[in-house]
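Peer 1: Starting from the known structure of chain A, fit chains B and C onto it as the hints suggest.
Residue numbers (the working numbering), protein chains in the order written: chain A, 1 to 275; chain B, 1001 to 1275; chain C, 2001 to 2275.
Treat the hints as calculated values from the structure; they're not laboratory data. All C-beta atoms, glycine included, are put in the ideal place defined by N, C-alpha and C. The reader is advised that the hints may include incorrect statements.
Within a straight-line C-alpha distance of at most 25 Å, the following computed SDA-like cross-link-like pairs (lysine to any residue) qualify [stated by the list, open to error]:
| hint | chain 1 | residue 1 | chain 2 | residue 2 |
| --- | --- | --- | --- | --- |
| 1 | A | Lys14 | C | Asn2147 |
| 2 | C | Lys2081 | B | Asn1070 |
| 3 | A | Lys271 | C | Met2244 |
| 4 | B | Lys1108 | C | Asp2052 |
| 5 | C | Lys2108 | A | Ser55 |
| 6 | A | Lys14 | C | Arg2196 |
| 7 | A | Lys108 | B | Asn1070 |
| 8 | A | Lys108 | B | Gly1048 |
| 9 | C | Lys2159 | C | Asp2149 |
| 10 | B | Lys1108 | B | Leu1219 |
| 11 | B | Lys1271 | B | Gly1181 |
| 12 | C | Lys2081 | C | Gly2166 |
| 13 | C | Lys2182 | C | Asp2152 |
| 14 | A | Lys159 | A | Ala270 |
| 15 | C | Lys2014 | B | Arg1196 |
| 16 | A | Lys108 | B | Asp1052 |
| 17 | A | Lys14 | C | Ser2195 |
| 18 | A | Lys14 | C | His2191 |
Restraint ranges, calculated between C-beta atoms of paired labels, are given here [as the list claims (entries may be wrong)]:
| hint | chain 1 | residue 1 | chain 2 | residue 2 | range |
| --- | --- | --- | --- | --- | --- |
| 19 | A | Arg100 | B | Lys1108 | 24 to 30 Å |
| 20 | B | Arg1114 | A | Gln163 | 49 to 55 Å |
| 21 | C | Lys2164 | B | Arg1260 | 55 to 61 Å |
| 22 | B | Arg1260 | C | Gly2242 | 19 to 25 Å |
Covered by chain C, per the in silico footprint, the following chain B stretches (three or more residues, Cβ under 8 Å) [stated by the list, open to error]:
| hint | stretch |
| --- | --- |
| 23 | 1018-1028 |
| 24 | 1060-1068 |
| 25 | 1094-1103 |
| 26 | 1196-1202 |
| 27 | 1249-1259 |
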Amino acid sequence: MMDFETIVGNVRSKTPLVHNITNYVTVNDCANILLACGGSPIMSDDEGDVEDITSICGGLNINIGTLNRNTIPSMFLAGRKANELGHVTLLDPVGAGASRLRTETAAKLIDEIRFSVIRGNISEIKALAQGASSTKGVDADAADQVNADNVDSVIAFAKAFAQKTGAVIAITGATDLITDGKRVCLIRNGHPMMSRITGTGCMLSAMTTAFAVANPDRLFEAVCTSVIAMGLCGEIAHARLGDMDGNSTYRNYIIDAVYRLTAEQMKDGAKYEMR
Amino acid sequence: MMDFETIVGNVRSKTPLVHNITNYVTVNDCANILLACGGSPIMSDDEGDVEDITSICGGLNINIGTLNRNTIPSMFLAGRKANELGHVTLLDPVGAGASRLRTETAAKLIDEIRFSVIRGNISEIKALAQGASSTKGVDADAADQVNADNVDSVIAFAKAFAQKTGAVIAITGATDLITDGKRVCLIRNGHPMMSRITGTGCMLSAMTTAFAVANPDRLFEAVCTSVIAMGLCGEIAHARLGDMDGNSTYRNYIIDAVYRLTAEQMKDGAKYEMR
Amino acid sequence: MMDFETIVGNVRSKTPLVHNITNYVTVNDCANILLACGGSPIMSDDEGDVEDITSICGGLNINIGTLNRNTIPSMFLAGRKANELGHVTLLDPVGAGASRLRTETAAKLIDEIRFSVIRGNISEIKALAQGASSTKGVDADAADQVNADNVDSVIAFAKAFAQKTGAVIAITGATDLITDGKRVCLIRNGHPMMSRITGTGCMLSAMTTAFAVANPDRLFEAVCTSVIAMGLCGEIAHARLGDMDGNSTYRNYIIDAVYRLTAEQMKDGAKYEMR
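Chain A extracted, bound-state conformation (with noise of 0.2 Å):
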C-alpha cells in the first residue's frame, strides 16, 4: 500500500517551492494547483532570472507548451543549475511528435539535464522513447491509449525509457502508467471529462513536482500518490457538476477538490495495481 497520509502530509507540511518555467496557456491553474496541494508556486523565465529563482527552490518544473527562443535556453539554465543543486527537476513535453522544435528541444533537455520525472501522454512520451510522431497536436493519438492489448509492450517500452534517462516515468490517460524503470504502477482514477479542460495535464506536471520535493526518500510513490490525486480529484468534481456546469466549472471543482483533499479519500478512493 502507499503511505498517502506521509506523502500528502509532507507537502502540507513543508509547502514545497517549485519553480516553474511554464506555458502562457495553463500558467494560472498551474499556480493556483501547487497552492491547493500545500505547496508555493513562482514562474520565471528569463536567462537572467531563473538561475536565481531555481536555487531558492526545492524542485523546477519544465512545461515546454508554449516554448520559444528566449525560454528554450532559460530551461538549459535552470535545468542545469538544479541538476548541480540536486533539486527536483520534472519535463512535460507538451507537444513533442507535433512539431520539430518540441521534439528537439525536449530530447536535448532529456540529453543534457537529468530529469526525476518525466510526464506526458503516450503520444508525447512514444515521440521521446522511440521516435514515434503524432498529428493530434497536444493530446494523445486515441490509437496509442494503454489497454489491455497494449500494455504489456507499453509497459516495456516505458520501463526501458525509464532506464535510459534515470527518470520515473508518467504516462497518462484514461489508464496511467508510472514505472521507475522497475516497479510498475497502473492507475485507474480520473474521468473521461477531463480531456475537456486544457491544462490538467500541466496542473498534474507541476503538482508532481510539489510531491516529489517534499518526499525526497521516495520519488516513485510520490509520483504516484500525485497521479492518483489528480484522477480522484477529477472523479470527486465530477460528482459535484450540476445539470448546467461544463469545463469550466469543472476546473474549478477540480482545484478545490485538491484544496480538501485528505489522506482518508485517497485511501477509500485510489484505484491502482502494482504490475
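Peer 2: What follows is chains B and C alone, placed relative to chain A:
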C-alpha cells in the same frame, strides 16, 4: 433558416484542431471554450514552431491582443503556411486603432494573408476599413455601436470591406453584423454584462475558427452560428447568476453554457435577421 | 472617515482605463478585477506599442512578476511616458529580494520613474527600502509580517521610503500598512485563505491603479480604500464558500464580490485605523 443542427453537429463530431497565436490575457479561456464547443486548441507562437503546428491543424486563429516583436513574424509565417494549405484563417485585430503598431500590423496581415474571417468590435473594424482611430483602448467606442440610425451605413462599409478582403466580416457588439459582401446577418443575442468580462471577443474568435473549420462549405453560416451561439450562451449564463455572482462566475457559466449548448437551444433562442 | 461613497463611485462612473505591463500568471484575473471594480484594462508590453497605449490610458500598472529582457525596456519606456503625461503610476515589485534581476530592476524603476504608488508584501518592500533579501520566493517571509511588536519600526521605515520615493507605500499582508510619508493607515480586513490564491497581490495592484486614476485629488485615500475593498471582498467571498469549495472557487468569488461591492458594505465592514 440557419441549419444549426448540422453546423453545431459538425463541430462536435469533427473535433476541429485550431492553432492559436493569441494574447496571454485570455488564452486560457480561449482554450477552454474551444474544448467546450467540441474543438481542440493548440497554442504556439515561436517562429521555429508555428509552421509545423499550423500544418497539423485545420484552422489558424490570429489575435493581436498582446502582439510583440517575436510573435508578429510568427503570425505572418503561420498565416502564409495556412494559406498555402488552404486552411481556415481568422484575424482578431484587438486594439486596432488604439496604437500604431496594432493598426499597422493588422493592416499588413490583411494585405499579405488571405483571411477567411475578420472579427472585431466596430472601432477595430472601422480602423482597418476606414483608417479611423480610437481612444478607448480595446473596447469599442460607444459612439460607434451599431444602432437603428447607422445600421445602413455600417452595412455598407462592412460589405465593402468584405468584398475588398475576401473575408467574412464579423462586427460584434450589442448588435452583431456579419457579412460576406453579399449576405448580411444582424444578430441580437447576448447580454450587456458580457462586456464586463475580459475576453468574450477573443473567445468568440477562437470558437468561430473551430466552427469554420468544421463547416468548410458554409463559411458564412458557420460564422453566424458561432456568433449566435456566443450571444445565446451569454443569455443562458446570465440567467443562472445568483445575487452574489459577478463577472468571474459569469465567465465560467458562459464557457459551461457552450459546453452544454444544443441545436435545440439555438433554434429556440436565436435572434437574427437576414438583410 | 474615508469617503468610500465618493471614491468607489468615481471608479464606477469614470471607467478608468489602466495600462498593465504585468506577468502572464495572473493577468486574466487582473483584467477581470479591473472590469469588476468599474475600470477598463489594456495589456501591452512591446517596446513598439507601450507608449501609444499608455498615452490613451489614465494610469499605468507595472508588475515585474515574470519580467524578461523584452518587457523590462517596455516598463521604462511606458513609465517615462506616463510621467511625462502626469498619469498615475503603480509599481508591484513581485519577487524583489528573491533574485538579483528582480531587485535591481525594481530599484532602477524607482530611480528613473516617479511612482504614485508602490505596493508589495513586506519582504519585497524591505528588499527595496533596506536591501534585505528573501528566500521565500514571491511570498512574504513569515518573520517579516507586521505585528504588534514590530509595527512601530515598520511604520518608520515605510514612512521613510514614502518620503524618499514620493510614492504612497502599501505594504500588504495580514495587517496592511499604507503611508504617504505623513499619514499612516493600518487595515485589518482580509482572510488568511487569500494567501492560498495566486494573484491576490497582483489583482490588488491593478485595482488600486484604477482607484487612483479615478480619484486624482485624494491618492492616499484611494489607495487605502482599494486595499480595504480587496480585504473586505476576501471576507465576503470566504463567507460564501461551501464545504467542497477551495481556492479556485474562492478566487472567482473574490472577483464577484468586487463586482457587487457597494459603499454601504465598505462603511459596515471596513476595519482600519489611522496612526
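Peer 1: For every hint, state whether the structure bears it out.
Peer 2: Here is how each hint holds up against the structure:
no.: 1; hint: Lys14(A) with Asn2147(C); verdict: holds (24 Å)
no.: 2; hint: Lys2081(C) with Asn1070(B); verdict: holds (23 Å)
no.: 3; hint: Lys271(A) with Met2244(C); verdict: holds (22 Å)
no.: 4; hint: Lys1108(B) with Asp2052(C); verdict: holds (19 Å)
no.: 5; hint: Lys2108(C) with Ser55(A); verdict: holds (23 Å)
no.: 6; hint: Lys14(A) with Arg2196(C); verdict: holds (15 Å)
no.: 7; hint: Lys108(A) with Asn1070(B); verdict: holds (23 Å)
no.: 8; hint: Lys108(A) with Gly1048(B); verdict: holds (16 Å)
no.: 9; hint: Lys2159(C) with Asp2149(C); verdict: holds (17 Å)
no.: 10; hint: Lys1108(B) with Leu1219(B); verdict: holds (23 Å)
no.: 11; hint: Lys1271(B) with Gly1181(B); verdict: holds (21 Å)
no.: 12; hint: Lys2081(C) with Gly2166(C); verdict: holds (18 Å)
no.: 13; hint: Lys2182(C) with Asp2152(C); verdict: holds (14 Å)
no.: 14; hint: Lys159(A) with Ala270(A); verdict: holds (23 Å)
no.: 15; hint: Lys2014(C) with Arg1196(B); verdict: holds (15 Å)
no.: 16; hint: Lys108(A) with Asp1052(B); verdict: holds (19 Å)
no.: 17; hint: Lys14(A) with Ser2195(C); verdict: holds (16 Å)
no.: 18; hint: Lys14(A) with His2191(C); verdict: holds (22 Å)
no.: 19; hint: Arg100(A) with Lys1108(B): 24 to 30 Å; verdict: holds (27 Å)
no.: 20; hint: Arg1114(B) with Gln163(A): 49 to 55 Å; verdict: holds (51 Å)
no.: 21; hint: Lys2164(C) with Arg1260(B): 55 to 61 Å; verdict: holds (56 Å)
no.: 22; hint: Arg1260(B) with Gly2242(C): 19 to 25 Å; verdict: holds (22 Å)
no.: 23; hint: 1018-1028; verdict: holds (count 5)
no.: 24; hint: 1060-1068; verdict: holds (count 4)
no.: 25; hint: 1094-1103; verdict: holds (count 6)
no.: 26; hint: 1196-1202; verdict: holds (count 4)
no.: 27; hint: 1249-1259; verdict: holds (count 3)
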